[in-house]
Amino acid sequence: MKTHDAKRVEIFIEAVVERQLTNALIDAGVTGYTVLPVSGGNGQSGPWSREGQIGRGSGMVAVVCIVRPERVDELLEAVFAVVEKQIGMVSVSDAAVVRLEKF
Amino acid sequence: MKTHDAKRVEIFIEAVVERQLTNALIDAGVTGYTVLPVSGGNGQSGPWSREGQIGRGSGMVAVVCIVRPERVDELLEAVFAVVEKQIGMVSVSDAAVVRLEKF
Amino acid sequence: MKTHDAKRVEIFIEAVVERQLTNALIDAGVTGYTVLPVSGGNGQSGPWSREGQIGRGSGMVAVVCIVRPERVDELLEAVFAVVEKQIGMVSVSDAAVVRLEKF
Amino acid sequence: MVDPLDLALTNLGSPIILSFALGLFAALAKSDLSFPEAIAKGLSIYLLFAIGFKGGVAVAAHGMDAQLLAALLVGIAISFLLPLVAFPLLQKLTRLPAVDIAAVAGHYGSISIVTFLAASSLLTANGMEGEGYMVAVAAVMEAPAILTAIWLANRSGRSSAQAGNEFWREILLNGSIVLLLGAFVIGWATGERGLAEIKSFIVDPFKGVLCLFLLDMGLVAGRRLMGSMGLLTRGVAVFGVLMPLVGASIGLAGGLLLGLSLGGVVLLMVLAASASYIAVPAAMRVALPEANPAISLSLALGITFPFNLTVGIPLYLLVASALVGA
Amino acid sequence: MVDPLDLALTNLGSPIILSFALGLFAALAKSDLSFPEAIAKGLSIYLLFAIGFKGGVAVAAHGMDAQLLAALLVGIAISFLLPLVAFPLLQKLTRLPAVDIAAVAGHYGSISIVTFLAASSLLTANGMEGEGYMVAVAAVMEAPAILTAIWLANRSGRSSAQAGNEFWREILLNGSIVLLLGAFVIGWATGERGLAEIKSFIVDPFKGVLCLFLLDMGLVAGRRLMGSMGLLTRGVAVFGVLMPLVGASIGLAGGLLLGLSLGGVVLLMVLAASASYIAVPAAMRVALPEANPAISLSLALGITFPFNLTVGIPLYLLVASALVGA
Amino acid sequence: MVDPLDLALTNLGSPIILSFALGLFAALAKSDLSFPEAIAKGLSIYLLFAIGFKGGVAVAAHGMDAQLLAALLVGIAISFLLPLVAFPLLQKLTRLPAVDIAAVAGHYGSISIVTFLAASSLLTANGMEGEGYMVAVAAVMEAPAILTAIWLANRSGRSSAQAGNEFWREILLNGSIVLLLGAFVIGWATGERGLAEIKSFIVDPFKGVLCLFLLDMGLVAGRRLMGSMGLLTRGVAVFGVLMPLVGASIGLAGGLLLGLSLGGVVLLMVLAASASYIAVPAAMRVALPEANPAISLSLALGITFPFNLTVGIPLYLLVASALVGA
Ligand SMILES: Nc1ncnc2c1ncn2[C@@H]1O[C@H](COP(=O)(O)O)[C@@H](O)[C@H]1O
Ligand SMILES: Nc1ncnc2c1ncn2[C@@H]1O[C@H](COP(=O)(O)O)[C@@H](O)[C@H]1O
Ligand SMILES: Nc1ncnc2c1ncn2[C@@H]1O[C@H](COP(=O)(O)O)[C@@H](O)[C@H]1O
Ligand code: NA
Ligand code: NA
Ligand code: NA
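Residue numbers (my numbering), protein chains in the order written: chain B, 1 to 103; chain R, 1 to 103; chain X, 1 to 103; chain H, 1 to 326; chain G, 1 to 326; chain D, 1 to 326.
With the rest of the complex left out, here is chain B (with noise of 0.2 Å):
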């Protein structure tokens, strides 16, 4: 199958910043994002988990997009401006998809 290069960046982020992040990228012109919940993690904040939580204080969200290389310098400015002062981590892979269109 015909496949068109892209990138898949995956931002784990504070999830009482979800909303403030999912706006940058839409500001940054991704046609799309997914969320993933998370359970738990570590860093250098130390350990943390969500069993048995209710505030929204400590916990994260992962945020996964897909776009075109030439798109990637532009998105990572703008989630940055977000993540630099929050707890979190955001890296970038090589992908393919197959659906040009989708993005």
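Read the hints as simulated data drawn from the structure, not as lab findings. Check each hint, because a few of them may be wrong.
Derived DSS-like pairs: lysine-lysine, alpha-carbon spacing no greater than 27 Å straight-line [said to hold, decoys possible]:
no., chain 1, residue 1, chain 2, residue 2
1, B, Lys85, X, Lys2
2, X, Lys85, R, Lys2
3, H, Lys199, G, Lys92
Where chain D lies over chain G, by a calculated footprint (3+ residues, C-beta under 8 Å) [what the hints assert, rightly or not]:
no., region
4, 38-46
5, 183-189
6, 200-214
Glycine is no exception: its CB is placed at the ideal position from the N, C-alpha and C atoms.
Let chain B serve as the given structure and place chains R, X, H, G and D with the ligands on it in line with the hints.
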């Protein structure tokens, strides 16, 4: 550690056709797949979130499938027979696995 | 944006040994990891789903770990000490991260 | 006779409707108040089980008769026919593509169980429970409209509508139908004795649970409204309040024909007037994936549901009590 | 004396068993009805807390005596010993690898708290509650069988069975044991006064919650059965109904030895006859990862659990009432 | 007069506190007992809705007066001021960075609704319910302290504290505030009639639900304590028990000034003495992301919450009953 080339296929697809998709994957001969919950997203058909929802009409899942590189084409054909008409997104990336017998 | 090479290690592992795995990751010196819930899957040991389940005997989690390329071997050794006997799947892909200090 | 104003106020002032309003307000004010998906599903499982069980017990108590069968048939007929009315109405009012019109018509032919619950609750508070088997009527009215919708879509040149195994399972063995009918059968089989065993679970706290559920529905409806302002053109919105009135009239005719009690007539009106936003959307995604799901959902959940809840139900009760009382 | 037929019918016609049957039916019919995992866990937390608490209150009311201690010891002994009976039986009946046989034996030595709940419910409905401390006996019977299973696996050449920290924590501080015993202690400490405070939460709606839970168990059991037809050979299936009878006999002997009340004897039979599908599977994944988890789970949940629920419990009650009445 | 020892024992021996202790024990013993996040949220939705509704009904029953307004104003003032006391105290006791001190101060100016619930429950058990509108006071005391905290952070050279739209929405339309106040208004509007409709849902099982919720809070508090031993230096820990006493004194002064009933005074003390671990942490992550969230949470949840639950509440009741009785 010795690793072997593989492909990581990630499919975001409407929850309502999850069973159709996984049946298609099995028919295409994949040896395994993993389904992750998705809590929200945005695309051409607008933003959505699973919060407080009860119907299965809206909402997606993520299906991740690690396959041998030579099987990826067959898999994509099978996947697209299902995904084509539905809302969704398919991406493929290079990966490496350690245990060959696993797939 | 300037990015740095990294590896994205994705581990699907039985929920019951999640703690053993994350302890092993920390012992192997990783600076962080993220745990995502998994709702179902299929493999050599058959299909499963977490729907309606209460026991922890079946069911998996996804652990994602972004590491420097040079650390990936050590990490895989540590991971396999745990995964070897359990049901699971480990894959590694190339990635790039922006903030170097994060890992 | 029921005093109209009094009735409307009783309805609007009930904790159930106020909880819905609170949810709506929170969503429109962009509060982050939300129910976890699992809790919303848990509440709905409880409500379907309880209402089904109680319906079955009522049938066990009053005995079964030919009327039950007749009511089921009338309910099925109404569900089959309503999309045929909705389709041309929508064509008049909007410029939506035929496949979207067919999908919307399917939603309005089917029913909203939550609207049914709210109506039952108002009726009970006024001492006019309908026939116990109306729950079963509600269950059988879920699916037929879907078939009509697919036929409409195919007829209008959309030939790829699927009706494979997956589709039939989706509409006939849909979780909410199985739960509602299954609980109905259990209630029927165990009768008053069974009810006595679990009354303090399925009867006593019922109304309170319904409040929380409607709070959640308010949140979901409000968020959907806000996210789909663009879709809801004037014509579409007009349909959202006109169609329930049309449906209620047809339900009224059916109820009078069947000779139901006042409560039963009102419930049939409510069923015909309400639009599905739980079972049908899922079936439509399988059968008519080309239809834009946001249109049907926004209409059914964002316009018709609140309309029925606040204005519709008391209105139908007034009309019915004028005619059934006669 | 209990009338056998009457008893069996009362049991089969209770909303609890019918709810289980509904779940089973929905799963086998491939309906998409399902409970979110969080709801299933929430229901189980409620049930464990409630049953533990009530057991503790009962002990506080009737006072504690040497019999409680004796019952705990007998329970532990039974749990330790049952796998030694199950192992050769399975070897006779099947050709499964030794490590799988050991794992299955461990499941059958342990207990199913849901079966215990269903039995308690039937007993209470017939006015024969067992000793309150049977809840504590249930809790201590969860773990010992696991140790025997590991010993069996090691003896049969499987040397890598682990029993590290993680394992001991898994079997001794397992969430369900801690919750059950913890609630038991709280009930014991606060007694009737504590119960009065939370009675309308943990007593009144209990049976209704149990219905929903068994509906979910029916769904889970049915789906497991369908997904593992290949595993359940005739020999394996025979074991699934034979072993509970063997276990019940041993439980009966223990109960008579202890001089328990009729209800208490039945509960001990049920505990011995039932197989774990919540706590033990998790411990086995840590200790005997080579064992195929699907075999134990399908047997325990797909065959023995429904068998005990429908046939076993009334049977044990009949047998016990013949012998204890004497 | 209340007998001190008796009171303390009643409190410590209540199922509510023992459930918390069980959770704490399970966490410290590294049991895997845990509540799914959705269940914890579901329980908190229930509790907020119930307590808000009941508060509203109480106000509807006793009529509204100037005192309600005065109490709201005093509550707001206390919340604004408390961080100004907490800030220098923390500076004395610890070497934490200013931004962390500001964040902690914000948490202590705000309130813990769970502590409030536990106190209400003890008061009710002793026949001294406070004014119904104290629920509204609790709601308005959540947010002001956050503003003071940001001002403190900015003043100490931290200039980047944001107060954008997202921030204001977070503190004013926070889900828990909207739910609590919304249910309060519904209770007020529907009064005794509305309460009668849903009493068996929001009143009868309330205490039992609170037990399960506190069991979960015990688990969360225990796990947090274990995961943050390094953060809790002696000075920090001292603050965790000193600050509630300071807060309670200020609350006492406010309560006496307002001329509240004994129950009302105690509740105001409890509000002032408790620290937020639900609403404020989220707001702080938006407004002061540089602050280490673990410090505030560990203090508020790991030290002050258990302290208030076990020692604080009975102590405040004793002190208040000496002064209000006079
Ligand atoms: N190297 C990593 N790989 C995967 N996830 C990470 C990594 N580092 C941090 N995270 C995630 O980001 C959260 C915050 O990280 P930190 O800012 O280092 O405290 C962690 O709890 C993890 O969920
Ligand atoms: N570029 C993308 N990256 C990640 N997920 C996407 C992307 N586009 C679409 N999706 C997901 O697919 C769903 C449907 O997309 P669409 O068909 O564009 O409406 C969205 O709600 C997202 O969850
Ligand atoms: N090729 C694969 N791709 C993705 N996930 C897999 C794959 N193989 C196995 N898994 C996951 O690992 C679990 C156990 O696999 P197995 O050990 O083959 O039974 C499955 O249920 C899946 O969740
Ligand atoms: Na309708
Ligand atoms: Na057993
Ligand atoms: Na405070």
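Violated hints - listed by number, lowest first: 3
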